Structure formats: structure tokens, C-alpha cells
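Enquirer: Listed below, chain by chain, are the residues.
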Amino acid sequence: MPHLPEQRSETVFEDFKPPFDDQQAAIEANRCLYCHDAPCQHACPTHIDIAGFIRKIATGNVRGAARTILDSNILGMSCARVCPVEVLCAGECVHNVQDVPPIAIGKLQRYATDQALAGGWQFHEAGAPSGKKVALVGGGPASLACAHRLRRYGHAVTIFESRERLGGLNTNGVAPYKLRADAALAEVDYVLAIGGIEVRTGVSVGKDVSWAELERDYAAIFIGVGLGADSVMKIPGAQHAGIHGAVAFIESFKTGSVDLSRVQHAVVVGGGNTAVDCVRELIGLGVPSVQMVYRGEEAGMSGYAHEWDEAKIEGAQPVWRAVPVAFEGTNQVTAVRCAALDANKKPTGTEFTLPAELVLLAIGQARLGDLVGALPGIQLDNGRVVVDEHGATGRPGYFAGGDCANGGKEVVNAVAEGTAAAHAIHQKIEGVTHG
Amino acid sequence: MADLRSNTGGIRSPNPFWLASAPPTNSGDQIMRAFDAGWGGAVWKTLGQPIQNVSSRFGALNFRGTRAVGFNNIELITDRPLDVNFREIAEVKRRYPDNAVIVSLMVETEEEWREIIKRSIDAGADGLELNFGCPHGMCERGMGSAVGQEPKINERITSWAVGYSTVPVLVKLTPNVSDILPHGRAAQRGGAHGVSLINTIKSIIGVDIDRFVPVPRVGDLSTNGGYCGAAVKPIALHMVAQLARDREFQLPISGIGGISNWRDAVEFILLGSSSVQVCTEVMLRGYRIVEDMIEGLNTYMDQKGIANLDQMVGRAIPRYSEWGNLDLNYDTVAKIDSSTCIGCQLCMVACMDGAHQCIHPNPDGSRVPTVDESECVGCNLCQIVCPVPGCITLEEVQDRLPPASWNQHVEHGAKLRPKKGVH
Ligand SMILES: Cc1cc2nc3c(=O)[nH]c(=O)nc-3n(C[C@H](O)[C@H](O)[C@H](O)COP(=O)(O)OP(=O)(O)OC[C@H]3O[C@@H](n4cnc5c(N)ncnc54)[C@H](O)[C@@H]3O)c2cc1C
Ligand SMILES: Cc1cc2nc3c(=O)[nH]c(=O)nc-3n(C[C@H](O)[C@H](O)[C@H](O)COP(=O)(O)O)c2cc1C
Ligand code: SF4
Ligand code: SF4
Chain F
0 MPHLPEQRSE TVFEDFKPPF DDQQAAIEAN RCLYCHDAPC QHACPTHIDI AGFIRKIATG
60 NVRGAARTIL DSNILGMSCA RVCPVEVLCA GECVHNVQDV PPIAIGKLQR YATDQALAGG
120 WQFHEAGAPS GKKVALVGGG PASLACAHRL RRYGHAVTIF ESRERLGGLN TNGVAPYKLR
180 ADAALAEVDY VLAIGGIEVR TGVSVGKDVS WAELERDYAA IFIGVGLGAD SVMKIPGAQH
240 AGIHGAVAFI ESFKTGSVDL SRVQHAVVVG GGNTAVDCVR ELIGLGVPSV QMVYRGEEAG
300 MSGYAHEWDE AKIEGAQPVW RAVPVAFEGT NQVTAVRCAA LDANKKPTGT EFTLPAELVL
360 LAIGQARLGD LVGALPGIQL DNGRVVVDEH GATGRPGYFA GGDCANGGKE VVNAVAEGTA
420 AAHAIHQKIE GVTHG
Chain S
0 MADLRSNTGG IRSPNPFWLA SAPPTNSGDQ IMRAFDAGWG GAVWKTLGQP IQNVSSRFGA
60 LNFRGTRAVG FNNIELITDR PLDVNFREIA EVKRRYPDNA VIVSLMVETE EEWREIIKRS
120 IDAGADGLEL NFGCPHGMCE RGMGSAVGQE PKINERITSW AVGYSTVPVL VKLTPNVSDI
180 LPHGRAAQRG GAHGVSLINT IKSIIGVDID RFVPVPRVGD LSTNGGYCGA AVKPIALHMV
240 AQLARDREFQ LPISGIGGIS NWRDAVEFIL LGSSSVQVCT EVMLRGYRIV EDMIEGLNTY
300 MDQKGIANLD QMVGRAIPRY SEWGNLDLNY DTVAKIDSST CIGCQLCMVA CMDGAHQCIH
360 PNPDGSRVPT VDESECVGCN LCQIVCPVPG CITLEEVQDR LPPASWNQHV EHGAKLRPKK
420 GVH
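Protein chains in written order, with numbering that gives the first Met the number 0: chain F, 0 to 434; chain S, 0 to 422.
In short, the hints are calculated from the structure, not lab data.
If a hint is listed, it holds; no wrong ones were tucked in.
A partial selection of chain S residues facing chain F, derived with a Cβ cut-off under 7 Å: (1) Arg63; (2) Gly64; (3) Ile341; (4) Gly342; (5) Cys343; (6) Gln344; (7) Pro386.
The model shown is predicted, which means the values in this text are computed figures rather than measured ones.
For every residue, glycine included, the Cβ atom is placed at its ideal position computed from N, Cα and C.
Sequences are here, hints too, so could you generate the full structure?
Expert: Given below as C-alpha cells:
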């Protein structure tokens, strides 16, 4: 894998949730009640034994805490930083019921897993060789989790990744104040350290390698290709310089440098998590004025309230109930013309322009289902690959998980689905039927 | 405002809060600051032939993130010259005539006792406390708990001291005995005006698991020390109450051991203490804690309509009985208040693994567990683990058989209810 450039725009960002030191971790860990059948654990898609690992932190058994986490979730380090814990584990912490701040589960998880990665603590060994080979398409969280688990079962695995680096959106998309690309790649190395995971980067399945070849060479195929390119707006001026898809733009400053010195005004279009991330990222990168144009109202945003609240504190300027109708400028965009919308998202007839030398479109990403849609047996639902609860598609030997199957959720969902699929693949290729 | 004045065997103080003989009472300067903070009395750090202490003297028991719930020490009696101590005692008494200054003493021969008692009284001591309790170091030299563990020696030395003293004499008892009664009675026979208890409990507070040495570590060695602090309160309360309810024992008691706040003090007083002494909590938090202790005691007394300490001392003693007198037909069952339950289910796992398997998941799927009242033995464990005060209550079962204790059952066949929780 090529090294990341030292010079990356993302390095200006500090950790939004700074790590715990020993003392902070001990105090927080001792606040945990060690609940029975803990609701936080149910709320974690990978079902980490949260009460158990937190008790281990409290007793000073940090190594054991890390093992407990990584047993369930091999990407526990990145999840600790990027999980929206407010709506997952910590959101279900019983302390909420008595209006006491929930346990900072993510930060405690980070406390243990950071040490595991820094210390190179490896808890898992590859299983005895099974003689079976599995291909994993895409090198993001879903495939990494799947590959690691398959190695524990003893299967040979090959990851095919069209990009130059593994990690998927952990490396290329997640906000750098949560997880920087270098940390994501350190975690990839940690996962690969189990040994025996063949990595073929720069190989796009369907183009450089055919599905038929994979079917010929591998006992099973896991599809973890994530989502596709950013959606675009087909309106006048869309070809101007300075208009980017949000995820592509994020990738450019996470894995390289962007020069925003001439950008005084930026407009982000959208109201989801990617839009909110972009707003905060542009503010952090020094853009003086960042406006977010959303067709609905604050209450209707799909972005998490806890993230949006932070964005507002940092200086985000929302423009509610508006939609771009044209990008102005000659070659370079200079302004966005917007139409005002009413409560039913219908144009009111009023238009206005917002100055903008940079426009990021955070209005969704394409679904990659087409990549496999032509294979007989595989069903698509609105571009999503349809799978059963074990991750199996309708085509024998094909499994899928992560964003391409769930339509776009969180890293931890991708890990959970990749892990579950590994289990199903193992049973399938070892000839065990589902119980 | 309740009257907080206290009198322990003739030693009077404006309130019942005394500093126990220990580092907080090492010097006159400290004790004067303590009196300024509100302490009613102070038992001077034990005087005797000044000793040499080791470096590294204290250890602590931490539990679930709380530091020093228990404490131990291997220090000895005063290491300061006697004339300096006596000069400072005189100075304190001159400046604080209303506060009680009790001088703690520990020497060997009768002649030494006579001499040191005279000097203490000349310096202005309001009372003496004979340290028969120190369980480390001094006992190896035949003093401290070596005296306190032998009722005959205790009685003899007490009688010497009482004979030479013109002020009240308290005997400080050691808890390192299987039964406190013979030792309190020995002090009484020796003529003491009161007893104070407990001194520290023989202990090893922990082990340095990297160096394989117990703590506190002095170079490559350690030794057993004296245990005190919040964790010893139950042991101290029991010993105080044992003496307070004994028919033969009639002396006033100065209660000591794990007292950290006004509530602890109230408990000691209700079980028979006329005054209370504090060491560890002051070492951990400073003299300033007494402000809350005084206010808390006052408020408690006002709320209970108790005018003075005499109305309070020993008030719970009549209710401290033998197991054989407890009503075996008294029956309580746990009730969980679903409106305050946070769903941690600690009660359920505690009852399942540590009690009688009668708290179960709610059949309606909610996280609020249910109690099988037909099996609940009313043991309190669920209430103890519940993190929400008041959420679990133990409620009396109505329609019970008439009260019947084990003794009544044995003596005249009183009818006992069927056992519960023996599935
Ligand atoms: C801007 C942004 C911010 C986000 N922030 C968070 C967050 O804070 N917290 C959180 O939990 N989640 C966040 N997410 C979501 C999270 O990143 C995804 O849910 C997760 O990465 C999905 O993992 P995946 O393995 O399914 O897909 P991806 O991470 O997308 O990885 C798929 C990989 O497949 C490769 N690939 C695609 N097609 C092919 C092919 N034909 N051949 C070979 N390789 C191929 C891609 O290059 C990519 O590396 C964010 C998403 C975005 C877009
Ligand atoms: C460091 C230390 C030194 C002590 N020194 C003496 C002493 O010299 N004489 C004495 O009678 N008791 C001494 N004690 C015992 C205390 O006076 C007291 O009886 C005991 O600590 C229990 O009270 P507590 O739980 O409030 O600390 C000492 C205790 C400690 C912690
Ligand atoms: S992986 Fe995420 S959701 Fe699960 S416990 Fe950790 S921080 Fe919470
Ligand atoms: S719900 Fe909260 S208190 Fe209970 S185990 Fe989970 S983190 Fe701890």
C-alpha cells in the first residue's frame, strides 16, 4: 500500500473527543454499574460485552478489556472514535433513565484499544488451514472484519480493493476530528497482523477481475463495496470549477492537501451527516463563511442532532427550506442561486443567491448494486444488495454486508455484518447447515 | 439549637467531637487550628519515651475507585521531645480553656507512669487516656496492645494511673481481642473514669504485587500495622455496643473507629458513646470537616426533638439484642418501584447468584424485574445493590403469625411460619 503523504490537510484537526488518561478512565469506569444483560450491549451492533470490558478497565486489566472488545469487534479502535454512541450504546445506558450522564463508552473503548494498537497486543490467531479460499470485494470495514474472522476460522482470504489503500471510508471519509487516515491505516495493519490476508489493491472487481474468475478461484465471495460516487445536481452551471461531491472532496483533504486560501464563502448542500461533517470540516479548514442549504427544516434533518449542535457552536450558518437552482460564475463558481421552498418543499417563487467559491454536494451517494445486479440470483432493492440475516445473497456462494447491503449505516454496522457473514460463509463452505 | 455539650467521665467539651490521638494531634499548633475549626476536644498524640519512626508509614485500601475506604499505619507514639509537648499543652490550655485537652500516655514502669502523669497534669491536661491499644511496634516492646490484651495488666496499670492522677482517666482499648467485655471490665476495676475504643486493628493493608512485599514498604520489608478509617466502623460500633449494654460495665464511652461524618457520630452516640473521636477522616480531609459534623448533629437532634446528648447516648442499646430474641415470624418482601427503576438489573443478578433466585425478568419484556413474593425471604441484598435510593423497599407482609422468637420456640413451642426460599 502506498504511504500516506505527510502533508495532509486533515492534520489541522484535533481530536473532537480527546482521549482519557488513566485517571479519567478509572473514574469513568467506576461509574459504570456493571448492569446485568446490559442495554448498552444490546444497542451495540457488534454486541461488545461493554459492562465486562469497563469492569476490566476499573480493575486495571486493560489488556483484558481490549481483548473483550476486539473479540467482538476487531475494528474496536476506529469504532470507539467514530461510533455515534449517543444513538447507539451510550444512548441506551441506564444512567440516562435517571438523567445522569451516560457512561462514555466510546472513550473507554478507545482507552483500551488505543493501548492494544500501540502495544501491538494481538489476541487472535489464524485457525488451522481449511484449504478453502474466500474472496472479499472492497477493503472497507465490512470486508476487513469479515476477512479477520475468516482467518480465525482458518480460511485463506484475498481482499480486492479498487483504491490504493484499505480502510474504505474509515481511511477516506470519516471526519478527521474523529479518526485520521493514518490512524485508520494503523488499524488496518493491526487487523492484517493476524497473517494470511492477501491484499490486492488497485484492483477493481468487475473491471480488472471478473466475477466469473472469482467464482472459479474462490469457495465464497463477500461483497463489501460500500456506496458509490456522490450524487450530482443537474442544474445550470454544474460544470463550473469549485463544485465537488462531498465524499470525494473529503477524501481529497484526508489523504492529500487542498488549498482553500481563496475560498471566502462555501456552501454545503444537504442536511444529512455527510453535510454536517462537511460544514464542520470546512470551518476547521479555515473557510470564513460556511452555509448549509437544506430543503427541509432543522427538525427534519437526517444528520444527528448531537453533531449538528456542535456544528452550530462552531459557526455553521444554516439556510433552511431552500434548494439550489443554478450555479453562477463563468468557469469558476461564484454563487449559488437558490429557490425558497414552503413547508411541503414546493417552490414559493422567491429566489436568492448565496456567494460561494466552493460548493460541496452532500445529497447522497450512488448505490453500487449494479456491479453485481446482473449476476443471476442476486436481488437488488433500490440499489441495495438484498441479503438474509446471515448476509447471504440469493446467489449461492455470494454474501454481502456493510453499506452496499444496508444502504449506508455506520462503521460498526459494517463490522457486525462482515463478522456475521464470515460465520455464515464458514458454515456454508464447511458444509454446516444453519441451525 | 440542641445542647451539644458533652461530658465523658468528667471530661467536658463544648461538643462531642474530639480528635483521636494520632498525627492530627501531634502538636500545639495543629490542635489550636483544630479548635478554631470547631473541634470540641483533642487527645494529644501519645506521649512516652520519644521513638524513631520509619519512613513510609501509611497504606490505604481503595475500593471501586474510592480511595482509602480503609487505612493502616505503622507509626509509633510521639517522636517529639516530651518537654516540647508539655510546653505546647500548657500553651493550648491557656489559649483554649473551654476545649478539652486529653493527654494520651504510654510508658512502661510505675515510676514512669507517675512521672509522666504529673507532668501532664501540671501542663493543664483535662484528662488522660492510657494507650493500651497500639497493635504494632509498641506491643513488641511490651506496651500498647500487649497491655490491652491482658486484663490483669490493664487493671494494674490503670489503678496506678488513677492513683497518681487528679483528672479523669480514660483507658483506650484495643479491638485485637476476641471479646471486649473482660477488657472494659478490667479498666473499670482499675478505677478508670471511662474507656475509649477502638484503637486500630492488626492488619496487612495490601501487597505490592510487583515487588512481592506487603505495604507500606520500608525498603525491602514491611510489617503488620493498625487498620482504621471508614471500613472499621462496623467493628467499632459492635465493640462500643457490647460494653454499653453490659450490666456489669458502667463507665462512659468515647467512641472511635471509622467516624467520617455526623451520621457516623450519631450512630456511635446512639450505641452508647458520650463523645466521639476521629483520626483517619481528618487525616484525609482536614479539620474543616467538623463544621458539617456539628451542623449535621445539631439538625438531627432538632429534627428528632432531642435537647441534649444525655437524651441520646445509648438510645439504641435496648434494641440491640440476641439473635434468639428476634421475631422469626416477622416477614418482609422486596418491592421494586417501576417508576424509579433504571433497568440495570443488578438486583436480579444479585438475587439469582447471591441470594434466593426470586427476582425474575419481567414477562412483559420491560427491564424492570419482578419479585416472586412467595419466594422472597426479605434478605435486603437487592436493596443493597440497587443504585437508586428508595427504588427497592422491603415491605412488611400483613397477616402474619404472632411474633415468635427462636428462644420462645425452644422454650414453649411458639409457632413458626413456614420457611421461604428453600426451594
Ligand atoms: C462522509 C462520511 C462520514 C461518515 N462518518 C461516519 C462516522 O462518523 N461514524 C460511522 O460509524 N460511520 C460513518 N460513516 C459511514 C461509514 O463510513 C460506512 O458505514 C462504512 O465505512 C461502511 O463500510 P463498508 O466496508 O461497507 O464500505 P466502505 O467503507 O465504503 O468501503 C468499501 C470499499 O470498497 C471499495 N470498492 C468499491 N467498489 C469496488 C470494486 N468494484 N472492487 C474493489 N473494491 C471496491 C471502495 O474503494 C472502498 O474502499 C460515514 C460515511 C461518510 C460518507
Ligand atoms: C497514623 C496513625 C497514628 C496513630 N497513632 C496513635 C497513637 O499514637 N495513639 C493512639 O492511642 N492511637 C493512635 N492511632 C489510632 C487512632 O487514634 C484511632 O484510634 C484509630 O485510628 C481509629 O479511628 P479512625 O477510624 O477515626 O482513624 C493512630 C492512628 C493512625 C492512623
Ligand atoms: S462499537 Fe460503537 S456502539 Fe459498540 S460499544 Fe463500541 S462505541 Fe458503542
Ligand atoms: S448501561 Fe451504562 S451503567 Fe449499565 S453496563 Fe452499560 S454502560 Fe455500564
